[in-house]
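J.: Chain residues, written in single-letter form:
Number of protein chains: 2
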Amino acid sequence: MNHMLEQLGMHAKDAEVILRNLHTDKKNEVLCAVAGKLTDCAERILEANAVDVENGRKNHMPEGLIDRLMLTRERIDGMAEGLRQISELDDPIGEVTGMKKRPNGLLIGQKRVPLGVIGIIYEARPNVTADAFGLCFKTGNAVILKGGSDAIHSNTAIVECIRETLKESGVTEDAIQLITDTSRETAAEFMKLNQYVDVLIPRGGKGLIKAVVEQSTIPVIETGTGNCHIYVDESADLNMAADIVMNAKTQRVGVCNACESLLVHENVKEAFLPVMAERLRSKHVEMRADEEAKALIPDAKTATEEDWGTEYLDYILSIKVVKSVEEAIAHINRYNTKHSEAIITNDYSHAQKFLDEVDAAAVYVNASTRFTDGFEFGFGAEIGISTQKLHARGPMGLLALTATKYIIYGNGQIRP
Amino acid sequence: MNHMLEQLGMHAKDAEVILRNLHTDKKNEVLCAVAGKLTDCAERILEANAVDVENGRKNHMPEGLIDRLMLTRERIDGMAEGLRQISELDDPIGEVTGMKKRPNGLLIGQKRVPLGVIGIIYEARPNVTADAFGLCFKTGNAVILKGGSDAIHSNTAIVECIRETLKESGVTEDAIQLITDTSRETAAEFMKLNQYVDVLIPRGGKGLIKAVVEQSTIPVIETGTGNCHIYVDESADLNMAADIVMNAKTQRVGVCNACESLLVHENVKEAFLPVMAERLRSKHVEMRADEEAKALIPDAKTATEEDWGTEYLDYILSIKVVKSVEEAIAHINRYNTKHSEAIITNDYSHAQKFLDEVDAAAVYVNASTRFTDGFEFGFGAEIGISTQKLHARGPMGLLALTATKYIIYGNGQIRP
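Chains as they are written, first to last, in this note's numbering: chain Y, 1 to 416; chain V, 1 to 416.
Read the hints as simulated data drawn from the structure, not as lab findings.
Among the hints, a few may not be true.
One copy or two, either will do: identical chains are not told apart, so a pair holds if it fits within one copy or between any two.
[Said to hold, decoys possible] Capping the alpha-carbon separation at 25 angstroms, the derived lysine-lysine pairs in BS3-like fashion look like this: (1) K192 <-> K206; (2) K58 <-> K26; (3) K323 <-> K37; (4) K269 <-> K353; (5) K192 <-> K13; (6) K100 <-> K111; (7) K111 <-> K353; (8) K269 <-> K13; (9) K192 <-> K210; (10) K192 <-> K37; (11) K37 <-> K58; (12) K100 <-> K13; (13) K101 <-> K353; (14) K101 <-> K323; (15) K13 <-> K206.
With the sequences and hints as input, model every part of the structure.
T.: This is the structure:
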């Protein structure tokens, strides 16, 4: 085994024992101290970040990625503010639920505990570094970070600031560790560090997530893409429908909960599609439609089979006319990525049917898919949006970074 | 992709849609019908099983495995009874929990839903076939089974009976499918069928579980080995301690929740170890002890480093003297397999400390580790005991075979 990774793993395991039973007051105090330190160290972090940005420019990194990579004093303040917000959230660790007395007198309950050691693999966004630390620390987990080579100087500077604060606070520095070797080989070995890492969370694009799911032997929480649909039912309030489609498509296009495909019941296509198309045109949304929809939207392109399965993350919308709520549900379940789906309807049984039968992390009646988000759901934080079914599904708050253990109080019980 | 597996996967996905919303009454009716059918078809199943047993004998299968493989009329009745018991359990599917109104009027709740398609890979125990079907069907999941080649005739006969009953009941036969190609290549391909299978549960020995964890790209629920400890604290009631150790070590030795290692506080070693050793001798338990314990148990062998980490599943017990509850906890956290651990004590703070700091699925005060079991915990069923931290930890009942989805009721909300 890679010696450096093994060392990191052992340090994380030692830290886990300390973090597991840290009092909430102490954790909150440290989170606020780290927030202050980040602001104090802004100069140092910005200098390191300038090196990454310069390297990025030299390597012809696209401007969109440079923007994600670049830190400013405001962005550092934002990272600090994020940590302060996490300090204000309820600590889920230690709660005991469902404690019941068995017929033999055993008292059995479930206690919420940290997962242990969390590995996070991410790309060139240095703000994830502080954010991931905050969420893992609040939930009593040690974290090992593996960021992209493009952000290595920024990440190193941020992690140093955090570790210095941890030391000053008398808490183990190894609550956070950064893998500074950014090679692919090391990443691949990290994904098989089952002995030391309890769960791996990839944060980044499709390619990164796919690589982690395929290569990791450690359990993975998969956060993923969103090919989200809005179905406008026969009984929909068409003004409401148009408002929701505009919001879900254009309020922010590059996000996983944005709408990518519009389904319309055939009985309202004439009343709805020309008006909808006009509003979409005003925001320069490219429309790709099936034959029936195209007949009402002359400037639409023809949608191909590939369009139905595509998450555009752009000002593009696929449009299809369907004969029934059943056809809409079947189409969605065939092409969606199990993220967020909405029906606009005033029909009680169609609403219930859609909620029951659409297979997705979040299913909406008469609301925008853009609400699928940890903050909008009231969790006060978000680690990502899980599109898998195990452990956590949908927006993940602090609870997703915890496990349970059974605690059993007896007075001499033996099994007959 | 393997064409046969792809066909099975597509059939399972079709079945998933039907099973997802099957009413509880119908599911219970089918479970009881399958139970009746298994008894009716006993002759056919026994004939098929006889072929497997004969082949096993030809291939020099050890008698212990032959015993697990062999079916009798009583064992088939037992399988049927198991299905009837599952029919009597509460159906977890459909429950909505934690529904809350957000400040913007959105009503957000979590609905319990099936996982979808569950893959189960198991060894030569044909009773798992009916059992796995019952648990998956009750929770609205389609199941794809991959049993061992040793039990192929038995498994085929049982699955045929179940599928015939499903057909007669008007429910899709594809609620259960068996992979009849028992080659390793097919098993390996099955473990990468992410497109169709939502979770994979290996049921069997260490080797099988390790292979699935390492090869599967589908999320796995790991059930595992138990290197379980009992720590007898200074303040323990020593009679209670001896009763619990005897129960946990000898009531059934081949199971994962049996005790494999005994830790004793040095201040009670003289009062406890000779008496304990005498009782263990009466059941022919081999003792492997550290120097301090050996001084009080002359016939004990010397424990090696390897002993501390070994799950014997046999009449063998390792024994160690420790100086404090802290040393006991550190030793346990170093060598255990995160299964079940117990402290015998009358000291309040030691009991709480042990519950807080020992990292395991089930931590006991003053009770036998043998209680870690779905039935003993009151779940009415058990799929296995999870030793991982994600999704489910400890004994898994029906809930472990479910997921959640967010359902959101709005009235036109868009994201500002």
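J.: At most 25 angstroms between CA atoms: does that hold for K58 and K26 within a copy, between copies, both, or neither?
T.: Neither way: K58 and K26 sit 44 angstroms apart in one copy and 66 angstroms across, limit 25 angstroms.
J.: Using 25 angstroms as the alpha carbon limit, work out where K37 and K58 are close: within a copy, between copies, both or neither.
T.: Answer is neither: 31 angstroms inside a copy and 72 angstroms across each miss the 25 angstroms cutoff.
J.: Within a copy, between copies, both or neither: which one fits K101 and K323 at a CA-CA cutoff of 25 angstroms?
T.: For K101 and K323, neither the intra-copy (54 angstroms) nor the inter-copy (33 angstroms) Cα distance is at most 25 angstroms.
J.: Between copies, within a copy, both or neither: which fits K111 and K353 at Cα up to 25 angstroms?
T.: between (36 angstroms within a copy, 14 angstroms between copies)
J.: Under a CA distance limit of 25 angstroms, which applies to K192 and K210: within one copy, between copies, both, or neither?
T.: This pair counts as both: shortest intra-copy Cα distance 15 angstroms, inter-copy 13 angstroms.
J.: Could you figure out if K100 and K111 sit no more than 25 angstroms apart (CA to CA) within one copy, between two copies, both or neither?
T.: For K100 and K111, both the intra-copy (13 angstroms) and inter-copy (24 angstroms) Cα distances are at most 25 angstroms.
J.: State whether the alpha carbon distance between K323 and K37 is at most 25 angstroms within one copy, between copies, both, or neither.
T.: Intra 59 angstroms, inter 42 angstroms, cutoff 25 angstroms: neither.
J.: How would you classify K192 and K206 at a CA-CA limit of 25 angstroms: within, between, both, or neither?
T.: Both ways: K192 and K206 sit 20 angstroms apart in one copy and 18 angstroms across, limit 25 angstroms.
J.: Are the CA atoms of K269 and K353 at most 25 angstroms apart within a copy, between copies, both, or neither?
T.: The answer is within: 21 angstroms in one copy meets 25 angstroms, while 66 angstroms across copies does not.
J.: For K192 vs K13, is the C-alpha pair at or below 25 angstroms within one copy, between two copies, both, or neither?
T.: within (16 angstroms within a copy, 31 angstroms between copies)
J.: Using 25 angstroms as the alpha-carbon threshold, which applies to K192 and K37: within, between, both, or neither?
T.: neither (34 angstroms within a copy, 46 angstroms between copies)
J.: Could you figure out if K101 and K353 sit no more than 25 angstroms apart (CA to CA) within one copy, between two copies, both or neither?
T.: Classified as between; 22 angstroms across copies, 39 angstroms inside a copy.
The structure fails to meet hints 2, 3, 8, 10, 11, 12, 14 from the earlier list, while all remaining hints are met.
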